[in-house]
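There are 2 protein chains.
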Amino acid sequence: MKEPAQILEVDRLIHEPARLLIVTILSTAEKADFLFLLRETGLTRGNLSTHLSKLEAAGYVEIEKTYRGKLPLTLCSLTSTGQSAFEKYRTQIHQFLKSK
Amino acid sequence: MKEPAQILEVDRLIHEPARLLIVTILSTAEKADFLFLLRETGLTRGNLSTHLSKLEAAGYVEIEKTYRGKLPLTLCSLTSTGQSAFEKYRTQIHQFLKSK
DNA sequence: CAAACTGGTTTTCTTTACAAACTTGTTTTC
DNA sequence: GAAAACAAGTTTGTAAAGAAAACCAGTTTG
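As you go down the protein sequences, you meet chains X and D in turn. Each step along the first sequence adds one to the number in numbering that gives the first Met the number 0, with nothing skipped, and position 50 is 49. Each step along the second sequence adds one to the number in numbering that gives the first Met the number 0, with nothing skipped, and position 58 is 57.
These aren't lab readings, by the way, just hints derived from the structure by calculation. Treat the hints with caution; some may be incorrect.
Same chains, same label: a pair holds when it works inside one copy or across any pair of copies.
Below, in silico cross-link-like pairs of lysine-lysine (BS3-like), each with a Cα-Cα straight-line distance of 27 Å or less [to be verified]:
{"id": "1", "residue 1": "97", "residue 2": "30"}
{"id": "2", "residue 1": "69", "residue 2": "30"}
{"id": "3", "residue 1": "87", "residue 2": "97"}
{"id": "4", "residue 1": "53", "residue 2": "97"}
{"id": "5", "residue 1": "64", "residue 2": "53"}
{"id": "6", "residue 1": "53", "residue 2": "30"}
{"id": "7", "residue 1": "87", "residue 2": "53"}
{"id": "8", "residue 1": "87", "residue 2": "30"}
{"id": "9", "residue 1": "30", "residue 2": "64"}
Let the hints inform the model, and build the full structure from the sequences given.
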């Protein structure tokens, strides 16, 4: 086993395409609400919800539940932990794919 | 849903880290035998076997079973289909990660 | 000739991701 | 003013995927 096998250790929480997309969007927006993410990602509500929960459980995303008028409003933002994990993921993938 | 959602369509057969590693190794070697891949990847024999079968089923890898002396020898090589799928995957990921 | 080793494959177990159904509350409509 | 439709999410059920363990056919070793 040589060093290329590092790819086997990428953070699978971020590697999953749906979550990679979510995290990427969040990395460029201070805060995003649930419906915004829903539109941007094209995920179903159920899947967006569960992916966000996983990211929250990992401490990558902070979820703030409030109201817009009388309707529920869920605000999501990347924590600094999430930000670093994302940066790390990006450099790992880059490193791996760039070599031939 | 905007265009970033393209990432949701990456080829998951290649996206899986273990197979990404296998395919990457095969892309630089004409042919690789099972034990070579085993050492390079650090996967277990069982997992290497099933991942190779999936790649074969997809037509990405060709598996040739022969003998080295009296012992079984399994040779693996990337098909042209596999080569293109890999190239496509790389450019997609690159495209996606570079923006931001 | 029995035990250990080679080079794998198949089976079993757990974890995941997705879809569909459900929930809590709020507007509409009749 | 009750029923129906809608909004914003969550929970649940299921099927597929990945990892580990068990297995297997043949070979070499003691």
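Hint check:
no.: 1; hint: 97 x 30; verdict: between (32 Å within a copy, 22 Å between copies)
no.: 2; hint: 69 x 30; verdict: within (20 Å within a copy, 64 Å between copies)
no.: 3; hint: 87 x 97; verdict: both (15 Å within a copy, 14 Å between copies)
no.: 4; hint: 53 x 97; verdict: between (30 Å within a copy, 25 Å between copies)
no.: 5; hint: 64 x 53; verdict: within (16 Å within a copy, 43 Å between copies)
no.: 6; hint: 53 x 30; verdict: within (18 Å within a copy, 40 Å between copies)
no.: 7; hint: 87 x 53; verdict: within (18 Å within a copy, 29 Å between copies)
no.: 8; hint: 87 x 30; verdict: within (21 Å within a copy, 32 Å between copies)
no.: 9; hint: 30 x 64; verdict: within (12 Å within a copy, 55 Å between copies)
Of the hints listed earlier, there is not a single one the structure fails to meet.
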